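As you go down the protein sequences, you meet chains A and B in turn.
Start counting the first sequence at 1; every next residue gets the next number (our numbering).
Start counting the second sequence at 314; every next residue gets the next number (our numbering).
Since the hints were derived computationally from the structure, they do not count as laboratory data.
If you're wondering where the values come from, they're calculated on a predicted model, not measured in any experiment.
Glycine included, C-beta positions come from ideal geometry on N, C-alpha and C.
Where hints are given, some of them may not hold.
To be verified - Derived CB-CB ranges, DEER-like:
1) B:Thr-499 x A:Asn-76: 42 to 52 Å
2) B:Ala-795 x A:Thr-175: 35 to 45 Å
3) A:Ala-12 x B:Asp-339: 23 to 33 Å
4) A:Met-29 x B:Val-766: 48 to 58 Å
As the list claims (entries may be wrong) - Using 16 Å as the maximum straight-line C-alpha spacing, the simulated EDC-like pairs for lysine to aspartate or glutamate come out as follows:
5) B:Lys-544 x B:Glu-846
6) A:Lys-233 x A:Glu-207
7) B:Lys-761 x B:Asp-783
8) A:Lys-52 x B:Asp-738
9) B:Lys-509 x A:Asp-89
10) B:Lys-682 x B:Asp-750
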Amino acid sequence: MLSFILRRLLQAIPILFGVSVMVFLMVQMIPGSPLDLLLPPDASPQLIEQMKEAYGFDKPAWQQYLLWLWQLLHGNLGYSIFNGAPVADELFDALGNTFVLAIPAAFTGFGLGILLGVSAALSQGGPLDKLLSAIAITGVSLPHYWFAIVMVVIFSVNLNWLPAQGMQFTGVPTTLAGFKSMILPVITLSLIPMGVVARVVRAAVLEVMSQEFVNTLHAKGLWDRSVLLHVMKNAAPATLAVMGLQFGYLLGGSILVETVFNWPGSGNLLNLAIFRRDIPVMQATIIVLAAFFVLLNLIVDIAQALIDPRIRR
Amino acid sequence: MKKSVTGKIAALLIGTMLSAGTALADGGTLRIAMTSSDVPVTTGMPNNGFEGMRFLGYPVFEPLVDWDLSSADKPADIRPGLAESWEIDPEDTKRWIFHLRPDVEFHDGSAFDADAVVWNLERFFDETSPQFDQAGSAIVRGRNPILDSWEKIDDMTVAITTKYPASYFPYIMSYMLIASPAAFETANSDWNEYGKAPSGTGPFKVTNVTPRVSVELSRNDDYWNPDRIAKLDHIQLFPMPEPTTRLAALRSGQVDWIEVPPPDAIPGLEGAGFNVVTNTYPHVWPWEFDTTEGSPFADVRVRQAANYAVNREGIVALMNGTAAPAKGFFDVDSPLFGSPENDYTYDPEKARALLAEAGYGPDNPVHAKILTSTSGSGQMLPVQMNEYLQQTMAESGFDIDLEMTEWGSLLVALRNPPGTAPTMDADALNISFASSDISYLAKYFHSKNASPVSQNWGAFGTPETDALLDQIETTFDAEKQAELTAELHAKIVDQAPWLFIVHDLNPRAMSEHVKGFVSAQSWFQDLTSVYIEE
């Protein structure tokens, strides 16, 4: 097991390296440098050239990349071009703010998704199955952005129960106002994972139930509930893989949800960095998020291996 | 147990009521949602454009030459700020002498004097100084490209020399704010640290900064000008780039004031008892024509025809009254507008006649490509407005092709001459500009400033307008200067280097509790007169 984990960790290095090169190349392809955005619209091109030199953007791209990589290997994520703040501070604050939403959203989404999926599978073809599947499909296909605005109109503007926007705490919520500010974003974020997990669980459960060992279990006279446990255990690896990916997306922070709710998370930070061409912030955010994905996949693989001995072999 | 919880709630309620009571006795807390996507930098040289200057510039820090924002009825002009007076050196028209205001203290208690001014000049213009601030320098130099050198004459007098004579230099100096040198030492000579506890001389102090979330300003009780001691206790500023989010925040009572409500929400806001404040200010939303060989707009008749083909009232209606028709660079009511021969009303017939003269006709419309952005600072609703122009101008014989890009790419296009790759073969750019003062005229309309040198993107220029611009630069008598500017402006209107479309009216919506606000005709606003009445 240990060598499996080590091997996977080593494999992550070329992946992250590839991601960093890709990001860097993509940034080079967008017209304009951060200075075009930092300077007032009426700044003269001469000044922009001067400033490019001062910031080192006049150097060839590969030199800029190597410099960035060198700093990264020394644990320095650099400084934002826009406000001079250390990228590490900005990024870890933003990630924290995203985690605070992602974790409850994952619990809600996965919990509801599993419940819906299993219930639908058990009543396959019946009206309940159709209803639950419809809910799952709605969850996947409803535009987040629209759903969020509708909730704000109902719960903030009309009923005035919940705040319309903003994170009313720093770190973790300790006050009622803090918790209230999380409710609408968490519900919105949990929609997609709920829908996706429900559909995957339904399919996986149905597939397992059609296998012969289930008939055998029934024939042995096992109670329905015990049979279901066996079915669930067999359906778990496929579900886990999907949940890992979905959790990764949540950690990345939904740009749309964070924009509507004005939530200072990582999606928001990345969006801002892209529009400002704030290269150091962009690079660091994407690299760290990519690292999360790699790590999550690893955790999923380990969990699958623990549940299903066939995978270990 | 239950009892104690109820007790706590009661205590909390009483506490809240008490604090609301104190707020009533004082000026209260004003919560503002800005359109910026981030908290503007709080070091005394805010980013996020003029919105940053409006909220984290002038309220906290002051320039030598300030803006008089006390009137809603006339365009805001400059007034003495941290300099009590200034004059041009009679021996040298490039050398300006600023007499500093005595007895002014920074928020940290240190004194304002000539050393502080020199220290700030070094911050922006001297790369070798320990306080050199690269990002701040980029912004200041963008707005002040002509400052050359400086010297301290005595403790309360500073001389600043420009690269060439420029009568409008005091206007340019209004964009450089003065921060406390002593506070920089306290911040271990680090601008990022400085931003956490900055110190200026303005009517408000920065008392709390939460990066990307909010900034709190508090009244400076020791402000040097007793007439402008703020009424408010605090101002809380929130970045909220999404218009619907700002709207929801205002309507649910999370903020008291939002910048730029979505135009289609204005009737609803007014119906619900909110005040929507608009006023003219120096902003223009034009198309900048490529006037070089090969462009249809090289011909002045085509440019004039386009100006007659615009239904400005239609756009004003589309914007729910948050814009005013533009018939020139300056507003028609400005004393600098002059008396042009052309009055650009909506006149498709006249447009068609001009086009016929220029060799176009019903079977041969003017094909032109316009580059604009989907959003961006001051761009209003670029997609809808340009589509409206495209449809209505077709009637007069213009076949307009719209190319939408994002804000950053449009800025890059602006900085490259017509015909180069970043401009995407556009015959005109649609990018809005400030028209705050005469210093802008040369930048946009003098042929020596044709891109890529400066902002005259379409390389417009006539010997006549160039000569007038040169004369204005060296005319130091204010009255004569205004006269020449009006004469020049009339010629620019007739030459039509731009399609003059609308001026934004800078809408902001506020709850009925916000009182005392005077909407100055400016990009900047004075928050000292505002208070909250519960």
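Violating hint indices (sorted, rising) = Numbers 1, 2, 3, 4, 8 and 10 - these are the hints that the structure violates, sorted from lowest upward.
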